[in-house]
Amino acid sequence: MSSYAEAFRQSVEDPEGFWLEAARAVDWVNTPTRALDGSQAPSFRWFPDGTLNTSFNALDRHVQAGHGDRPALIWDSAMVPAKRTYTYAELLDEVAAFAGVLRDQGVVAGDRVVIYMPMIPEAAIAMLACARIGAVHSVVFGGFAAKELATRIDDARPVLLVTASGGLEPGRTVEYLPMVEQALSLSQTPPHTVIVKNREMIPGSAADYKASVATWFDWDELTADADPAGPVTVAATDPLYILYTSGTTGKPKGVVRDNGGHAVALTWSMRNIYDISPGDVWWTASDVGWVVGHSYIVYGPLLIGATTVMYEGKPVGTPDAGAFWRIINENSVVALFTAPTAIRAVRKADPEAKELENYDISSLRTLFAAGERLDPDTYEWATKVLDRPVVDHWWQTETGWAIAANLRGLDPMPIKAGSPTVPVPGYRVDIVDAEGKPVEAGTEGNIVIALPLPPGTLTGLWQDEDRYRRSYLETFPGYYLTGDSGYVDEDGYVFVLGRSDDVINVAGHRLSTGSMEAVVASHPAVAECAVVGIRDELKGQRPSGYVVLKSGVEIDPETLRQELVAMVREQIGAVATFRDVTVVQALPKTRSGKILRKTMRQIADHEQYTVPSTIEDPSVLEALEQQLRG
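Per this note's numbering, the very first residue in the sequence shown carries number 241; after that it's consecutive.
To be clear, the hints were calculated from the coordinates, so they are not data collected in a lab.
Think about it this way: if two alpha-carbon atoms lie no more than 25 Å apart in a straight line, the pair counts; the simulated DMTMM-like pairs of lysine to aspartate or glutamate are:
#1 K491 - D706
#2 K677 - D729
#3 K834 - E847
Could you put together the complete structure from these sequences and hints?
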């Protein structure tokens with residue numbers, strides 16, 4: 241494709257031809273002759289007559305092509321500390337061996353396997369081993385509470401669970417095995433087998449749990465004598481994995497990803513969105529427990545034949561704000577993908593980027609950000625200190641890859657701060673009002689995507705078709721509901737302002753808290769912020785701002801409040817009635833970096849709330865509650 245416009249036009253006008261052409265980059269057992277099956281609309285299936293194996297595409301084909309000595313996975317732990325590089329041949333051997341272990345434990349194609357692991361190579365090995373024998377993996381973030389793990393076990397009904405003795409956090413270890421044992425006792429449908437990767441620095445082993453409801457085995461003992469398993473052919477439409485995302489009812493939603501569409505979409509995205517080629521060193525600073533880790537730590541880079549970095553550590557504190565720059569320097573990373581919250585953490589700890597002076601990051605071409613909105617102030621700071629393109633892009637657990645992006649490998653476009661740029665080919669993004677009618681350019685509304693969604697997106701929710709349709713397809717018939725609000729400007733750039741439920745109603749005026757956050761974040765003293773709508777007897781709701789100051793900044797809280805109020809009044813208007821500003825030490829977040837705005841609102845409104853299972857540091861929430869409720 242010579243241009244973005246041509247690629248997007250073809251993806252809309254001839255999706256059959258566009259995606260069959262993209263599918264040629266994947267090795268098939270049976271090459272698909274059809275791209276799309278719409279017989280069950282509004283649910284769709286991609287490459288219905290194709291068969292393949294995802295693990296073969298990620299590993300075997302590169303080895304068979306003579307690239308077995310190429311680095312596939314670089315594991316860098318700032319916590320142990322330790323570092324290990326696996327070539328494609330070595331990683332294939334490890335994956336085939338553990339796939340043999342799973343096979344010998346009776347796991348067959350279609351069975352579910354829950355993976356509850358820290359950021360160690362065995363997490364990726366277990367995922368690829370499941371894919372190798374056609375089993376469906378469901379990764380649960382290592383350290384999730386036993387109750388949450390049990391809930392996911394009961395929904396997925398796995399025959400086997402893979403775990404480790406524990407994970408490492410700054411200043412502490414997190415023992416997993418007691419939580420696993422408790423989850424099994426809480427579960428109505430516990431798996432019959434548990435396999436444990438022992439980490440010497442963390443106590444606990446499979447031998448300690450012989451009396452459990454499941455049979456426990458040691459990873460190393462089983463793999464030492466395992467006969468390697470070859471790749472099992474599966475249908476393109478067969479599920480590759482289930483990944484749970486929080487639902488409004490409290491019951492997690494099991495997003496289902498298929499094999500064929502997933503392989504095609506991620507392979508296409510690595511070349512066209514990220515401009516990554518075979519042999520490039522790519523680093524996604526996320527966790528395999530999240531969709532970003534699935535798509536761009538494990539599958540995407542390996543499908544394209546690149547080298548992927550897996551990092552066990554934090555952006556700051558392990559040991560300092562130079563951690564990211566060290567890894568780029570040592571591994572010649574060409575592109576880093578991280579969350580805006582990580583960038584803000586580095587900025588807060590090192591606002592002048594002095595740590596950057598200690599490292600050579602000349603290999604770095606691009607910094608990609610996703611997971612939450614990249615506010616203009618953070619964008620400007622990162623662009624200034626790195627002197628490289630800082631590229632925001634927007635997607636969801638459900639979509640599995642970017643909805644809107646600046647396509648660096650296809651047709652890089654001018655960057656507009658605050659926008660993830662334009663819809664990616666295959667995604668027909670529209671903005672509609674509450675009645676589902678399209679709105680004019682520049683007008684805020686509900687962001688929706690015309691059906692069918694492109695390959696690689698969710699095929700449904702695990703064993704809950706009714707909830708899938710209610711959650712995503714019925715609000716605006718013919719569209720997928722993203723749940724986000726925003727607008728498209730006259731140049732076709734998408735602006736995502738926040739979740740639709742982050743729009744507040746102030747005296748009859750619908751206002752986006754995301755717009756106010758953008759203003760607040762631009763203040764030179766503010767490292768990061770959140771604006772939530774709280775109850776107001778007169779106006780119904782009013783915005784309340786919570787700000788974290790940059791490291792070393794001293795400013796009178798009342799002076800800061802007055803300056804922020806003036807800025808919001810000037811840029812949004814007096815109708816916002818923004819006047820509440822609270823300086824806090826930290827904002828409560830999920831492990832993926834999303835700010836817990838709903839929980840903050842419940843605390844401010846003196847409502848009962850449940851501590852979310854995804855919270856990164858409960859003490860931050862406790863400190864906030866003590867500060868707000870006195």
